[in-house]
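If you use my numbering, the sequence shown corresponds to residues 27 to 152, in order.
Think of the hints as simulated: they come from the structure by calculation, not from any bench.
From a predicted model like this one, the values you see are computed outputs, not experimental measurements.
Any given hint could be a false lead.
[Said to hold, decoys possible] Now the in silico label distances, taken between C-beta atoms and shown as ranges:
id, residue 1, residue 2, range
1, ALA70, LEU137, 15 to 23 Å
2, ALA79, VAL112, 40 to 48 Å
3, TYR116, ALA83, 44 to 52 Å
4, PHE66, PHE150, 17 to 25 Å
Beta carbons are placed, not taken as given, at the ideal position from N, Cα and C, and that holds for glycine.
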Amino acid sequence: MEMRSPLARVRGLGAAHEGAHHWWGQRLTGIALVPLTLWFVWAASGLIGADLATFKAWVGTGQNAVLLILLIVSGVHHAQLGLQVVIEDYVHSEGAKTVSLVLVKLGAVFLGVINVFAILKLTFGS
27 MEMRSPLARV
37 RGLGAAHEGA
47 HHWWGQRLTG
57 IALVPLTLWF
67 VWAASGLIGA
77 DLATFKAWVG
87 TGQNAVLLIL
97 LIVSGVHHAQ
107 LGLQVVIEDY
117 VHSEGAKTVS
127 LVLVKLGAVF
137 LGVINVFAIL
147 KLTFGS
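Turn these sequences into a full structure, and let the hints guide you.
Okay, structure coming up:
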């Protein structure tokens with residue numbers, strides 16, 4: 027007969043205590059995406075039919091480049107957090123779960139870096 031209570035037996039077996047950080051990350055990136063997306067739709071609608079030189083000039087202004095980078099970084103991070111939740115909830119094999127989580131994180135970093143590089147190249151490149 028075990029002398030420990032049911033609470034003592036399960037203590038330490040529960041959550042990894044990362045849920046609040048993850049939850050806040052999703053909420054903050056989601057909130058940031060609302061004005062950034064509205065700005066992008068408004069700004070991009072003014073570029074319909076523009077040529078490459080006009081687009082480069084538009085991206086070349088400091089505020090537009092910074093807002094585009096913020097949109098990309100928050101969007102990619104928000105998507106990565108959302109995919110992480112889906113994988114953790116619905117992939118039950120530990121090996122497949124680990125591989126999927128690593129691939130999603132690497133993919134998010136890759137997409138973010140490539141997009142930020144493209145904006146910087148449009149802004150400062152020839």
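Hint check:
1. For ALA70 and LEU137, the Cβ-Cβ distance of about 19 Å falls inside the hinted range of 15 to 23 Å, so the restraint holds.
2. Between ALA79 and VAL112 the beta carbons are some 42 Å apart, a value that agrees with the proposed interval 40 to 48 Å.
3. Between TYR116 and ALA83 the beta carbons are some 46 Å apart, a value that agrees with the proposed interval 44 to 52 Å.
4. Between PHE66 and PHE150 the Cβ separation comes to about 21 Å, which falls inside the hinted range of 17 to 25 Å.
Consistency with the previously given hints is maintained throughout, with no hint failing.
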